[in-house]
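Enquirer: The listed protein sequences derive, respectively, from chains B and H.
Taking this note's numbering, the leading residue of the first sequence gets 84, the next gets one more, and so forth.
Taking this note's numbering, the leading residue of the second sequence gets 558, the next gets one more, and so forth.
There is no bait here: all hints are sound.
Straight line, CA to CA, 25 Å or less: simulated SDA-like cross-link-like pairs of lysine to any residue:
id: 1; chain 1: H; residue 1: 609; chain 2: B; residue 2: 514
id: 2; chain 1: H; residue 1: 569; chain 2: B; residue 2: 148
id: 3; chain 1: H; residue 1: 647; chain 2: B; residue 2: 518
id: 4; chain 1: H; residue 1: 559; chain 2: H; residue 2: 617
id: 5; chain 1: B; residue 1: 234; chain 2: H; residue 2: 568
id: 6; chain 1: H; residue 1: 569; chain 2: B; residue 2: 497
The hints are simulated quantities; they were obtained by calculation from the structure and are not laboratory data.
As the structure is a prediction and not an experimental result, all values here were calculated from the model.
So you can see what is in the structure, the chains are spelled out below.
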Amino acid sequence: MIKTGKLAGWAARLVLPGLVLLLAPELVEAQDAIDSGDTAWMLTSTALVLLMTAGLAFFYGGLVPSKNVLNTMMMSFVAFGVAGVLWAVAGYSLAFGGDGAFVGDLSMMFLSGVGMEASGSIPHILFMGFQGTFAIITAALISGALVGRMKFGAYIAFIAIWGLVVYAPVVHWVWSGGWLGGMGALDFAGGTVVHVNAGAAALAAAIVLGPRQDYGVRAMLPHNVPFVLLGAGLLWFGWFGFNGGSALAADGLGATGAVTTMFAPGATVVVWAFLDHFTTGEMTAVGLATAIVVGLVAITPASGFVTPMGAIAIGALAAFPSYYFIKWRTRSSLDDSLDVFGAHGIGGAVGAVLTGVFAAEAVGGTAGLLEGNPGQVVTQVIAIIGVLVYSVIATVVILKVIGAISGGLRPAADLELRGMDVIAHGEEGYATGDGAVLILEDD
Amino acid sequence: MKLVKAIIRPEKLSDVLKALYQADVEGVTVNRVQGHGGETEGVETYRGTTVKMELTDKIMLDIGVSDSFVDVTVNAILSSARTGEVGDGKVFVFPIEGVYRIRTGEKDEQAVTPVTGETNETTI
Chain B
84 MIKTGKLAGW AARLVLPGLV LLLAPELVEA QDAIDSGDTA WMLTSTALVL LMTAGLAFFY
144 GGLVPSKNVL NTMMMSFVAF GVAGVLWAVA GYSLAFGGDG AFVGDLSMMF LSGVGMEASG
204 SIPHILFMGF QGTFAIITAA LISGALVGRM KFGAYIAFIA IWGLVVYAPV VHWVWSGGWL
264 GGMGALDFAG GTVVHVNAGA AALAAAIVLG PRQDYGVRAM LPHNVPFVLL GAGLLWFGWF
324 GFNGGSALAA DGLGATGAVT TMFAPGATVV VWAFLDHFTT GEMTAVGLAT AIVVGLVAIT
384 PASGFVTPMG AIAIGALAAF PSYYFIKWRT RSSLDDSLDV FGAHGIGGAV GAVLTGVFAA
444 EAVGGTAGLL EGNPGQVVTQ VIAIIGVLVY SVIATVVILK VIGAISGGLR PAADLELRGM
504 DVIAHGEEGY ATGDGAVLIL EDD
Chain H
558 MKLVKAIIRP EKLSDVLKAL YQADVEGVTV NRVQGHGGET EGVETYRGTT VKMELTDKIM
618 LDIGVSDSFV DVTVNAILSS ARTGEVGDGK VFVFPIEGVY RIRTGEKDEQ AVTPVTGETN
678 ETTI
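Chain B extracted, bound-state conformation (with noise of 0.2 Å):
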């Protein structure tokens, strides 16, 4: 996301307007005004990335055993309840408010201040809108680590807690005038705010909960991968909102931010497919699917800062470790079930090293290793690095502190075996309805 319209906006709005008036009316016009075309797009964006997490929903949901099946779709809903009302109430003004390197400020608690003016070219609603979209699905990409094996309000403490304590400063850091974005890190639509920052998260909070009950005797299988490959369908389309969104105009940036969304994953289907056949001998549904959540990922940070064919280049590069990753994690002891630290955490690092090695000066300004500025890289580690490890450490604390104070993260073990659907939920994700009695009010 470019921050630098915003601020030339309100510095415009805030301390020059006289003097900007005095010499350059039309000026002051050009940065104000609210643009129709920018505002459609972006609106239509924030439905967009609305609806990736209802897709992750079924990504997730199609990998788990039927018995936990709406356990895990509601971790990625409810995030729609949590960390949306969280974001309005403080993240948004923790995330973009004030000037300081880390934290922002509370000026903007309750969305004060938030209303139908300019912020760039679209209403400054609308941007906290499109913003808290993003703060949604970053809290529920976590939920891919603890399928079937936290208690559904330990979780829900753990989000809520999370999206302000760890991903609103992340935010702040990279896209608000922080230290990271004024190194100059890339990303532009959050390859380490988002995926990075969610998979530390993923990996530390595996690591803490623990492997579950059956882990490394019994395989989990997906339950419905007709499921896995709609989610995998439904992030892709959402991610055009998500990459082709950040420009925050309807302009060639958006343009390329959506093109490249849709090479990148393409590329990585094929590598993927290639590393499947020669491995195993097939090409598998999960792994294609899988895939496509990497290309996604890697080229989120690029995505308006490279060409079509770098773009291309990221994707197949990026299928290598992740694959790999992911291959040797099902044979460890690390039960993050459903691989968001290799998909999300690996992807999304070497999508923003990527990023600094294919930039391109003509797209989004700035030039990469392969253009001469090796010093690009250098950058992108540094704030890989950064938001690993403020990540990896504050969710160790937070899960630790819920769970000192909740009695425990997790459900007994033989609840836990039976399924976390009936046990946290009191539902069954394909009930037959056989011998179930109406129970009235009277009884």
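Starting from the known structure of chain B, arrange chain H on it as the hints suggest.
Expert: Chain H only, in chain B's frame:
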């Protein structure tokens, strides 16, 4: 020959299969069934409609064994399927009139003896 029919908790299936395998009982047929024992009924709510689930999901195993393997099979199930809570299930042992292996037409003891092993049971 006997037919051992066991009704167990779904979450215990992998433990039971492992115990049977370790006891060299190799043939088994698995059915997903619903039933009612003495356990407390679960209560579920669907958009305001509260229902009592009188039937619980269970797994039913059918295992045809020669007489010398009956105790081995039953003990493997008893030890691996037990949680101590009401609802662990039952094991039934039935006499069998006859067993035929479709592939070869072999009968009775021959039909429940695995081709490659020395052990004496298979599914019917």
